[in-house]
Amino acid sequence: MKFAKYLTSRLLQGLLVIFLVVVLNFFIINLAPGDPVDVLAGELGSEEYIAELKAQYGLDKPITTRLINYLSNLLKGDWGMSYKFRSPVVEVVKSRISNTLILVLSSELFAIFFGTWLGTILARNRGSLLDKSVSNISLIIYCLPAFWIGMIFILIFAVRLHWFPSGGMMSLRTKQPPIVDLIWHLVLPWLTIVLVRLPIYIKLARSSVIEVSQEDYMTTAKAIGYGKKKSYKKYALRNALLPIVTQAGLGLSTVFSGALITETVFSWPGMGLMIFNGVQVRDYPLIMGGFLITSIMVVMGSLVVDIVYMYLDPRVVHNE
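Last residue of the sequence shown: number 1139 in this note's numbering, and the count goes up by one each step with no gaps.
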């Protein structure tokens, strides 16, 4: 009973958050400087043509009227028409989601599991040469911006060594099987995202396990005869997973927005590059569609985190 009540409460809060995000994004995007009609009409567009475009896309109406129309259309499953692609936003998003999943979801999952495993190893060997070396290297990598890492990879492995392509997802002319060509294009952007995300999970897992290992129940476990490995596996790791689950939920929840910077650097045709292209030409429906997907996934990610929390720590439900 408490589980259902807790879950329903979180779901209603999530729906409210999505609604507020949609409204806030609408006003921020529509009140931003610049007019998409100027981009569509070009420098030589006449006043009559500009007025026709505004009427065609409903930009000649008051912003409150446009908001009401947008919300009513969302309830019908109509996300609007993209100015840039001249097709429904839903169709544009559908064509990009799978590309983003291939790149961002795979790299994020690898960073979560490998980073957590490595952080746990470092915590168990705290103060060792391995711990100091990996911690310092991960700190340095964490300080490097994603676009810089991506450009260095392109410079070394694409321009100088010619091992991998500098961008794109598939080659126009190749004798390789499609899956091999895809993996060949995937390597550099995948490694970029992994390097950006991996230090976060390494540091978080290491600090969480070290903190948990100093608790009284860990001392008791060792006193009653549990070995170091067994006590860490049975008691420390499960309790240390709570902050890692939170970070993983937030990381996975933004997967549909893509890695905007990485996708732009490598011209990967995913959600991130789609949003970037939409911002360039002030494609309001496309930008709002990208942010809508992001807000929905953040709420779903938070809901999944809450469910996992209830499994790892049942006290969460009883304290509500």
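Do not rely on the hints blindly, as some may be mistaken.
[As the list claims (entries may be wrong)] Derived DSSO-like pairs (lysine-lysine); straight-line CA-CA distance at most 27 Å:
1) Lys880 to Lys903
2) Lys951 to Lys895
3) Lys895 to Lys880
4) Lys994 to Lys1022
5) Lys913 to Lys903
6) Lys873 to Lys895
7) Lys824 to Lys873
Please keep in mind that the hints were generated in silico from the structure rather than gathered at the bench.
Comparing the hints with the structure gives:
1. Lys880 to Lys903: With Cα atoms ~21 Å apart, lysine 880 and lysine 903 stay inside 27 Å; holds.
2. Lys951 to Lys895: violated, 56 Å
3. Lys895 to Lys880: holds, 21 Å
4. Lys994 to Lys1022: violated, 43 Å
5. Lys913 to Lys903: Distance ~16 Å between lysine 913 and lysine 903 Cα, so the pair holds.
6. Lys873 to Lys895: Holds, because 23 Å separates the two Cα atoms, which is no more than 27 Å.
7. Lys824 to Lys873: Status violated; Cα separation ~47 Å.
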